[in-house]
Structures are given as structure tokens and as C-alpha cells.
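*Asks:* Could you put the whole structure together from the sequences, leaning on the hints where they help?
So the protein sequences, as listed, match chains H and B. Okay, so the first sequence: first residue is 720 according to the working numbering, each after it adds one. Okay, so the second sequence: first residue is 645 according to the working numbering, each after it adds one.
There is no bait here: all hints are sound.
What follows is a set of in silico ranges between Cβ atoms, one per label pair, in the way DEER data are often shown: (1) H/S798 / B/H1014: 46 to 56 angstroms; (2) B/G995 / H/H862: 51 to 61 angstroms; (3) B/H1014 / H/D865: 41 to 51 angstroms; (4) B/I1028 / H/A755: 45 to 55 angstroms; (5) B/I1028 / H/D865: 31 to 41 angstroms; (6) B/G1021 / H/S765: 50 to 60 angstroms; (7) B/I1028 / H/N896: 38 to 48 angstroms; (8) H/A804 / B/N935: 29 to 39 angstroms; (9) H/H862 / B/F688: 53 to 63 angstroms; (10) H/K781 / B/V1053: 16 to 26 angstroms; (11) H/S798 / B/I1028: 27 to 37 angstroms; (12) B/H738 / H/G837: 52 to 62 angstroms; (13) B/I924 / H/A742: 48 to 58 angstroms; (14) B/F942 / H/S798: 27 to 37 angstroms.
No lab work stands behind these hints, which were simulated from the structure alone. Note that the structure is a prediction, hence the values are computed from the model and not measured. Positions of the beta carbon are idealized from the N, C-alpha and C atoms, including for glycine.
Residue strings, one per chain:
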Amino acid sequence: MHPSDDLVFVDAVTRKFPLDHSAVTALDHTSLRVAAGEFLAIAGPSGSGKSTLLNLIGCIDKPTSGRIFIDGVDTSQLSPARTTALRREKIGFVFQTFNLIPVFTAAENVEFPLLIQGVNASERRTRVTEALESVGLAGRAHHRPDLLSGGERQRVAVARAIVGRPALVLADEPTANLDTHNATQLIELMRDLNRRLGLTFIFSTHDQRLLEHTPRIIRLTDGQVESDTHSQGDSHGQILATCVS
Amino acid sequence: MGKFLLLAFRNVFRNRRRTVMTLMMVGGGVAGLLLVGGFFAFMFHGLRESTIRNGLGHIQIFTAEHFQRDEVHVLDTGISNWRRVAASVRTGSHVRGVAPRIDFYGMLSNGVKSSVFMGSAVEPDSERAMGFSPRVASGRDLGSNSNGEVEALIGTGVAKSMSVKVGDGLTILAVTADGALNGIDVQIVGIVNTGFKDLDDRYLRISLPSAQRLLQTDRVTNLVVGLDDTENTDSVAATLIPELRGQSQPMVIRKWIDLAAYYQQVRTLFSGIFLFLGIIVFFMVLMASVNTLLMAMFERTREIGTMLAMGTPRRWIVALFMVEATLTGLFGAAVGVLGGNLLGVALNLSGLHLPPPPGSDVPMAFKVLHVPGLMIGASLLVVISLALASILPAIRASRLQIAEALAHV
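*Replies:* Here's what the structure looks like:
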């Protein structure tokens, strides 16, 4: 298959981090293909390489070897400026600790990606309203992050990630700082956006309960893909049981 | 752009305690410069006006020859038709008066002892009309009519060295315009303290007719023009130049600033001191701000990483930090200008006085002038300091490795 057929193509990527006189291998010849519109979880214990893989797909880190294609573009060939532009135009990020700008309101946080994309003011207003409505926070638009609950903050972060209409949304442990109820709601929200808007989501988690809503799960262990499981339905209980076993 | 400025503005007030400390530091620097600069401006203004009113005048008119060659005979480069020139100048706007003067030299004697003098001959009424009065330590100024006696003012040093007092007589000798030696007896009516010891040791002042009789000439050295306001000097000088072209002798004018060597020296000295203070404030603000901005950058590492991850161009991060620093500088400058002016008003109302300066027994008033140019200059200084201080933190912030910045705790 040609790389351009996939939204994401990770081709034998290795990432090593120098440590004193040796190196820690976070990812070891990992390969992965993600088609547009997929809803994909990367699961695995701490230190398995989930965040490293998401960082590499998100072009905020560079592999030690191997190549990564985003929408058919070999990211290793891009200049820093083009890499920045690629992130700005094609990728939305949701972080474990929300990472909202504390001096901005929810609406202003959501507006920021549009600001750096150069979208005009009236278009920005419309899209911010739509994004906040889609995450159920239209009524909290003018609240600053410190006045929002953890679940609300992460929904604002999701709205910020999708407002620029990216091809891909990357979420690194998006539920790690949420209680079970909020975590489940967030995953359901992301799944809903994936279905309604056709957005591709890749998120990492080590919370087994959340994987029940995930049609495709890639399990990493020691920097390598241990399993890549697909299901047609929403329930993954059976597959999970297989994975765990 | 508006949202970007809004972000910068809100970031300035994000850590209020630190911002208040920074504003106090920047504002303190500006206020200090305004107070010192305002006091210096008051001193300059006082020295300027006293220099002018002590007899220098605002503008002096000479013949062109006066500056082209040395006199062969007394006053042979002087103004001959000075009455007509003076009458013409007197009609100009802003002109308060015109006074003829003769500068001359000679010997004076008390019959026992002789000494060299530097003489100045004046029309007392013309001088007084312009507010030019010598600082009389004892006795009085020259009178309008002298009843046959030639009145003289002498410096305190002359009085001491010749052992004379008000009411005593002296004989003065000088070379006439023809090269002969001539002498007249004068009566001391006043003793003058010019504020300059070297001048007091040689100072003699008599009326213009007496000097012309002594020197056997009807010429004068120069004409001193007094104006209603020193600020009008340049405009009046500009109108005088074409007006003097029609005279029988080529004339030149000199503004007070061209002749006030002492004033210029004092101003240069104090301007140097002020510049030094400005440099200290500049570096103080620069160093403290670099530290503050680096702390701010460190605290916001993850936020910067997030912005970079979302595709914010690195130059935006540089611009954000520089705009924040510039805004801090502007707010600090506003605090400083407000605080400095309020303190200045309070000091002016307090009636503070400094000890008398050298050559004076009058305590010097402590006043602070409110100089708009100084406010703009001091404000620009701190704004530029802050903007420069932000360059290092801004560049460091823009060069953060995104993955590392996002993992920053």
C-alpha cells in the first residue's frame, strides 16, 4: 500500500533517548497505518511508548530512524516552518493536563488555533460557537479555565483541538486527570465527534474501561506493537479480554 | 492582532505581586530620573536666567570687526552709530530694552596702591529697565545723575585689596582712543559681589558717559538686548539679522548661549551626571527585568509548549514576550511619570531649600520642574530597557523543544 493511502503511516520508527552513556529505546521499529476517520486507542502500561508514538505522529518530536507520513507527506523531509504549518493545519491536540491558556476564557482558548491559522474574526466567532456547542459548553464560553471543572476543561481542550477542522486529533492520556464518569463522557464525546464529523482520533490510555468504546486498539509493550485489534461494533469487551489474556 | 495583544496584556497581570514589584521598580526608576532631571532643569533654568539678568542679556550686538581682529586703539572695532542701531532694535517685538556697554581695562589707585581693573561702562537706567542689576553687597547701584561726581561700583575683592569702602574715592587710569593716558577720579557708591571671586578682584563699573570721557571716544563695545522671555531669543535673533544689514558698519549678533561659557560648562557637567544616572537606571531595569522575564518563561514552559504544538510560529512567541515586556515598560513608565510628578509637586510645595551655592549667601530653593521632554525620554528609556531585556527570555522560549516543554512540571 502506498503511504498516501493512509492518513497516518508510521514506517519502522525507532526513537531512542540518550541517558548518560547509553540510550533508552522508547519505540523500536514500530509500524502503523491509520486510515482517515478511524477512532483508535493506543494502550499499554506506563513506559510502553504511547506518548512517544503520539509525539512523533504529532510532529512535536523526531524519530531516531524510520519515517512518518501524515496525509501522504513525509514529515522527515519538512523544514521546521513547514512542520509547524502541518501541525497548525492538520493536527489537533488534547493533553492529559488540559493545557488551556489560563488568562483566556473558554471561547478564547478555542479561538486560538483559528487565530494562528489567520481565520477572519466573523468566521472565528461562528466556528468557536459551533465547537463549544458540539462539546456541550456553549453556556460556559466566557468562563476562564480556573472556573471550570476538570471535565469541562478537557471538553474545552477537545473543542480547541477540533475547531481548526484538522485531519487528525491526537489525545495523550486525555482521561488521566478525570474521574470515571467524566472520563467515559469524554471518550463518548470524542467518539461522537468522530462519527458526526468524520474526524480521525488517536488517543492513548492505560485505562482498560475506556477501551470498551474503541473500535481499534493498538497495544504497545516495550516500544513495540504487541497487538492491533479491530472490531466492527462499539464493544470491545471480548477483544480486551483476549488482549489482557 | 487584537487577541494577541489581549493575551499579552493579560499575561502582564497574571502574577499580580510580581507585576506590582516590576512596576514599582520600573516606575521608581522613571520617577527618580524625573526628580533628578527636574531639579537639574530647575537649576539650569535658574542659572540661565541669573546669567542673563546679571548683565549678559539675551542678545548682544557687535561690529563684525570685533571678532575679526584685535583692537589697535581702544574701541576702534566698537559701534560708532550705536544710538541709531539701538533705536532700531528697540522697536522690535519682544524687545524689552537695549543697553550700550563699553568693556575697558586700566589701572586704579587709592594714592598708595595701584591695581589692574576690568571695567564695564553702562547706562544705569537702560540696565535697570531690563532688570539687569548688579548684586550690590553694600551701598547702592549707579545713579542716573551724578551731580558732577563720577560714581563707581567696585568688586568686593577690589575693595578689600585697595582698602576702600562706600564713599571713598579712587583714581582710574586708562589708555584713550588716541593712545594717550587719561585719568579720572571716581567715588565708590557701591560694592558688588558678582559671585565669581576672580571677577570681584578686578571689577569696576561706571556710567557710559564717564567711560567715554575717560577713553575719549563716543563709541561703545556692544549693545545688550533684553527680551521679555528667554524663549523668544531665537525668533528675535532671526529678525535682527536682516535688520542690521542696513547699518553703516557690518554687524553681528551673539545669542546668550554663545556667550555663557560658565552656563554651558555647568550644563555639560550636570548633563553628564544625569546621563550616568540614566545608564544606571537602564541597566538596573534591564538586569531585574531579565530575571523576572526568565522566571515568567520558566513558569509558562508547558503553556508555550502547547502553543508551539498547536502550530504557533516561533516568531509569535518571541513577539508575545517582547510585547508583554513593552507593555510592562509602558505601565511602569506611566506609574513613574505619575509618581514622579506627584512627588515633584509635593517637594515644590514643601519649601525645601539647599545650602547656598559657592559665591552666594542665599539658600538655593529645591524645586523640580515638570519637563515633558524628560518624561518622554525617561519613559522611552525604560520601555526600551524592558524590550531589550525580553529578547533573551523570548528567544529561549521560542526555542523550547515542544515535547520537553509539554512534559515540564
